[in-house]
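Peer 1: The residues making up each chain are set out below.
Protein chains: 4
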Amino acid sequence: MSGSMYGTIFRISTWGESHGKGVGVTIDGCPSGISLCEDDIQKDLDKRKPGQSPFSTPRKEKDEVEILSGIFEGKTTGTPIAMIVRNTNQRSYDYTEISKIYRPGHTDYTYDQKYGFRDYRGGGRSSGRETTARVAAGAVAKKILSEIGIKITGYTSSIGPIKVNKDHFKEEEIWNNFLSMPDVEAVKLAEEYLTKLKEQGNSSGGSIECIVSGMPSGLGEPVFEKLDANLAKGLMSVGAVKAIEIGAGIEVATKTGIENNDFYQYQEDGRIIKESNNAGGIIGGISDGSDIFLKVYIKPTPSIEMTQRAVNKNGENVMINVEGRHDPIIVPRAVIVVEAMVALTLVDMLLLNMSTKMDNVLKVYNKD
Amino acid sequence: MSGSMYGTIFRISTWGESHGKGVGVTIDGCPSGISLCEDDIQKDLDKRKPGQSPFSTPRKEKDEVEILSGIFEGKTTGTPIAMIVRNTNQRSYDYTEISKIYRPGHTDYTYDQKYGFRDYRGGGRSSGRETTARVAAGAVAKKILSEIGIKITGYTSSIGPIKVNKDHFKEEEIWNNFLSMPDVEAVKLAEEYLTKLKEQGNSSGGSIECIVSGMPSGLGEPVFEKLDANLAKGLMSVGAVKAIEIGAGIEVATKTGIENNDFYQYQEDGRIIKESNNAGGIIGGISDGSDIFLKVYIKPTPSIEMTQRAVNKNGENVMINVEGRHDPIIVPRAVIVVEAMVALTLVDMLLLNMSTKMDNVLKVYNKD
Amino acid sequence: MSGSMYGTIFRISTWGESHGKGVGVTIDGCPSGISLCEDDIQKDLDKRKPGQSPFSTPRKEKDEVEILSGIFEGKTTGTPIAMIVRNTNQRSYDYTEISKIYRPGHTDYTYDQKYGFRDYRGGGRSSGRETTARVAAGAVAKKILSEIGIKITGYTSSIGPIKVNKDHFKEEEIWNNFLSMPDVEAVKLAEEYLTKLKEQGNSSGGSIECIVSGMPSGLGEPVFEKLDANLAKGLMSVGAVKAIEIGAGIEVATKTGIENNDFYQYQEDGRIIKESNNAGGIIGGISDGSDIFLKVYIKPTPSIEMTQRAVNKNGENVMINVEGRHDPIIVPRAVIVVEAMVALTLVDMLLLNMSTKMDNVLKVYNKD
Amino acid sequence: MSGSMYGTIFRISTWGESHGKGVGVTIDGCPSGISLCEDDIQKDLDKRKPGQSPFSTPRKEKDEVEILSGIFEGKTTGTPIAMIVRNTNQRSYDYTEISKIYRPGHTDYTYDQKYGFRDYRGGGRSSGRETTARVAAGAVAKKILSEIGIKITGYTSSIGPIKVNKDHFKEEEIWNNFLSMPDVEAVKLAEEYLTKLKEQGNSSGGSIECIVSGMPSGLGEPVFEKLDANLAKGLMSVGAVKAIEIGAGIEVATKTGIENNDFYQYQEDGRIIKESNNAGGIIGGISDGSDIFLKVYIKPTPSIEMTQRAVNKNGENVMINVEGRHDPIIVPRAVIVVEAMVALTLVDMLLLNMSTKMDNVLKVYNKD
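Sequence order for the protein chains is D, G, E and V. Going by the working numbering, the first residue of the first sequence is number 1, and it counts up by one from there. Going by the working numbering, the first residue of the second sequence is number 1, and it counts up by one from there. Going by the working numbering, the first residue of the third sequence is number 1, and it counts up by one from there. Going by the working numbering, the first residue of the fourth sequence is number 1, and it counts up by one from there.
Same shape as in the complex, but just chain D (with noise of 0.2 Å):
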């Protein structure tokens, strides 16, 4: 069944492998009238892609995005927006062993027990190489959200035992050094956690935060389509991610009522506000205005270069030690995507909400 695709409204079509002729989006439901070029997707692209770091694959891709459609004089047009990145380097590589093996941690099984037989050059659409597509459409749906004042921040926040510290915050250390942190002092410990990690063919888990402010209220729809349960839905799709915190997340489970509600009180400019948040900027399903805050944690990679046992194909228990080019960390790389899958889901949300009071649907056709 179609599970390619994402979002109702805003609706996008992904497809490709990492060993095939690129990966690639199609956006379906993009309003019209909105500037966009090829600028605009590959600054988000360039902060995925591979081989900038000693803590990524070393192998090398430009992941440079081509538009095919959609666009006519520098602005959407309002019909699908198709984009394509070819995969550029793939190395020849005898896959004859691999094939037969299934690896731990790895999809080899579940694939081919789902399908039958499985693309073994490069775990086919279970390689992280399927994000760059969320990444692409993802930046296309942060334009529109930029032009409501919805702004999404991610970083790093943990590496293995390494966490940020939230006194020393800096926005604008996020996309300053290989590890996407926000906290230049827990930058070096981290990457001498991780150099360990890499000389011993280990690999190291983390977590990644997310706030969105500039919120509109009333955005998510009550009881399944709630906005919470849309960003979890999106979040846990991303490949590695096991956990999904909105707000206080799993401290509310053992906190009392007097201490999880978020008391409201009136702002002199008459704007209500939360004296704490809790909630997450999210209650019943709803936004509420205040900033959306979300906490993912990531597996580490699978992909190790230490000896582990594994079955192969003709009923055997084997010893494997699968070298390759592959992250000791993912969790850098990936702060990008879950930026994508937030700005995809608020997107669809946002434009979805459109229809829920009469009032606006007189006003878009002027009859108020």
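Honestly, the hints are just simulated from the structure, not real lab data. Please note that a few of the clues may not be correct.
One copy or any two copies: either way a pair holds, since identical chains are not told apart in the list.
Below, in silico cross-link-like pairs of lysine-lysine (DSSO-like), each with a Cα-Cα straight-line distance of 27 Å or less [to be verified]:
1. Lys-100 - Lys-75
2. Lys-274 - Lys-198
3. Lys-198 - Lys-188
4. Lys-43 - Lys-143
5. Lys-143 - Lys-75
6. Lys-367 - Lys-196
7. Lys-367 - Lys-43
8. Lys-363 - Lys-151
9. Lys-143 - Lys-363
10. Lys-151 - Lys-367
11. Lys-255 - Lys-163
12. Lys-60 - Lys-49
Quick caveat, the model's predicted, so the values are computed rather than measured.
With chain D fixed as given, assemble chains G, E and V onto it according to the hints.
Peer 2: Same frame as chain D, now just chains G, E and V:
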């Protein structure tokens, strides 16, 4: 936009408010030929209904389900199954004041912002009463899953600071106590904790774990309709859930690759098992045939009888102390709701997966 | 799979059979703030209900609608509107024989083939009674359309060989006679024709035309969700419809380009009009602001009291002569159903079109 | 909103304009394990490509398809199949004038109204070039259908006043002449007719019939996702189609019940056949296993080289005479497009029907 529908093939549509005529659900896409009667549904509804415990709302509802369509001679016909649960216990109450206040932690403000006004009597669609419809539909989903051999077991895993001890786990205890906990000692401690909070008019958060056994491999559709992505959406759509973990969950972020990878081994009977299950039964968004393990974290109910700061619609900051019939803990009643959302998600992914392989298509149309 | 839902944003879910407890519909995605009460719906249901004419089934049903949810203080809340129409007139009847026979023109055979068995009492979901739910939902859709200034006018345009004469067209006659015809002379001739058929136990086909005035331009989404494509689907989904025309319809096939093109001209008030309307108000799948004109052709009801060849489940060819309470003509009762499907389609396209232009997005979020 | 996607399980997403870089389609939900290569697609594209006949546009395009993803070792992997057809023949042309005019019969006006502006170079998404993507996807759908034994045969049934004579029908002639007609005498007459129109700069309408043989029974989902309803949508979404008939079509309106009912009879081999097929193979929206018969009526292309009244954006009525490279008849090239839409609709209904019966579910999961 339509937010009260869930699923693609096995698709439900729910309706109703706490202070209206009732709540209901229509299931469209249920396969034909399944034995189904009201008792199948009632037994799950009875696990959710209020008024059974000193720790749930004293509001009494019989929550009797009536099947309105889709069954003929005791079997599903393949056409829509409509079900209704009438509301029977509605106190008269003066809502004049509450209608003008935005209570902390409630949806008063977000509903007003989204829709322009709200049903202030009982939360409208944001009332927990809405989950009655989920449970009714979930019971039908479980019938289908059980024919495939899939079993879902949810339970309260913590209440406030009190956690279930895995060594004390007894499945048969789960529905034997007011708190749906599988550990009799934890029940005792939690009851003491809740009794104290209740006296204060305060409430408690908690967590729920859920295990799915008998899973076929291959369920879940890359890359956006992954099994874990859909579970995350379904679970996060439950009112008070603020965090979700799959498998090892947040712990993966501090693990290394060699620690997190689950090693495959052949069993003597030729089946492949994993030595560990950090993946929680899902790799690359596809079930691997091992048990699914997930956990949700639930905030304390915002309905407390304590003095709180709030705002009213006249632009004033006010102090409120809302009396009512509320639960000091909603976690135990949410266990069956979690099970329902897992069941609804699984049955949809099960049916969607049928067309994944051409071999299956040929099998169904007798061309193999 | 879920086939009883219709629409994307304004989405309905229908249920029920002729010989069950009733039929119903849930509307999800109706904007908030619209005045709505049961009378709004009942007046359309009354146009469909049986037993009002010598030419419709003598089965009497009051078809009283009850709104179960989604309305508060006389207005739509933006959450699901559930409605039910209880079945009240069910004769006891011995279905032993009919359960074993596949009647010509009925769904007996196809339902058995699809589902493995069928509700043989009254056609199950293939009963015309199913359209009650469409009409109820359509009445709500019309309320929204009327606020935009859109009006839908359907009528019987032919019964067997008797055609309405456009020169005699009087809109006010449509609901003034048993046949929903706007031409009193045609009514007289059609009544004679039907009386003769009824004596034979035979039935008649016919056609329905529908005009939509007050259309905004811009509705319809290229290339698959065109306005005419969605109208065609909605109308062809009505039980007995076998052909659909938009605008000049089949005549376009014998026209030349110069004959078929509708020439634009400016009116004195600056509005653009077309000199002709062969397009039927839709060009390239998008409304052009002129009236929509469409026509459907309806087969004679297969339920006739005449001896026919049929087959039974024992592998035998048999002769049958089914008695029952059936309509010699269903066309007049289908007029309001056609209107309902047009209304449901239009309201969905109206809401979907809101997010087409970035200008509209900015308008709704007050950023223009 | 996303209008360039089609299907629920076998879901395509198309993109591209006549004057952009190309057109393309991504198929998501194609089952794994089907042999597929570019030749399978090219042979259908070649039936649509321009420049092959004196009666189609002289614009030459090779229309070569490139498969970008979803195939491994010659077989579908079950993941998205992306295909692209690059535009190669784009004349430079001065569009200054045309950009300010609303031509009759074209989408100039409706696109401007909907999107605020338009790609005036070649119709954007309203160009017939968009159908290239439908044909490419349709070719894949046909591969699946052929494995079930389903065959789709479309042909031109009339051009202007010239109709195919059923007695002269020869299937092998269809792709043997410029007009895709199965009747050599009709071809001769139609060529004469078209030559005359071409000299005038005029164009002609026509009709296409399509027969589907080898149908399994049971396809189509009551009540809104009926097989004929979805066929009607798919076909009406093709640019110039203005009317659709299923089976006896408009004739049913003048028939009586006894004339229209198709009587079943057992054949000697135990199979049930119908003595006639007024239903066109679909009863109650579900296939009955007999051949599907449908017909579409296509308007003359509005692109004519004759003087016409039009309006410009300055508020003036003007006379225009647009030169260009257009088809005096588009019907023959639309035959393969009609086949494609039928194939895409059928394959989706085929896959959707798999989960209708619990027996099928158990069969796929080996629990029967």
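Peer 1: Evaluate each hint against the coordinates.
Peer 2: Now the hints, each set against the structure:
1. Taking the shortest Cα distances, Lys-100 and Lys-75 sit within 27 Å of each other only across copies (18 Å), while inside one copy they are farther apart (49 Å).
2. For the homomeric pair Lys-274 and Lys-198, the shortest alpha-carbon distance between copies (26 Å) is at most 27 Å, but the shortest distance inside one copy (44 Å) is not.
3. Proximity of Lys-198 and Lys-188 under a CA criterion of 27 Å is satisfied intra-copy only: 15 Å inside one chain copy versus 48 Å between copies.
4. Taking the shortest alpha-carbon separations for Lys-43 and Lys-143, only the intra-copy value of 12 Å comes in at or below 27 Å, while the best inter-copy value is 41 Å.
5. Only within a single protomer do Lys-143 and Lys-75 lie at most 27 Å apart by alpha-carbon distance; the minimum there is 12 Å, versus 36 Å between protomers.
6. When the C-alpha separation of Lys-367 and Lys-196 is checked against a cutoff of 27 Å, the pair qualifies neither within a copy, at 66 Å, nor between copies, at 50 Å.
7. With identical chains, the CA atoms of Lys-367 and Lys-43 are at most 27 Å apart between copies only, with a shortest distance of 26 Å across copies and 41 Å within one.
8. In the homo-oligomer, the alpha carbons of Lys-363 and Lys-151 lie at most 27 Å apart both inside one protomer (26 Å) and across protomers (19 Å), since each shortest distance falls under that limit.
9. With identical chains, the CA atoms of Lys-143 and Lys-363 are at most 27 Å apart both within one copy (23 Å) and between copies (17 Å).
10. Proximity of Lys-151 and Lys-367 under a CA criterion of 27 Å is satisfied inter-copy only: 15 Å between copies versus 32 Å inside one chain copy.
11. For the homomeric pair Lys-255 and Lys-163, the shortest alpha-carbon distances inside one copy (23 Å) and between copies (14 Å) are both at most 27 Å.
12. In this assembly of identical chains, the alpha carbons of Lys-60 and Lys-49 lie at most 27 Å apart only when taken from the same copy (8 Å versus 39 Å across copies).
The structure does not agree with numbered hint 6 stated previously, though it agrees with all others.
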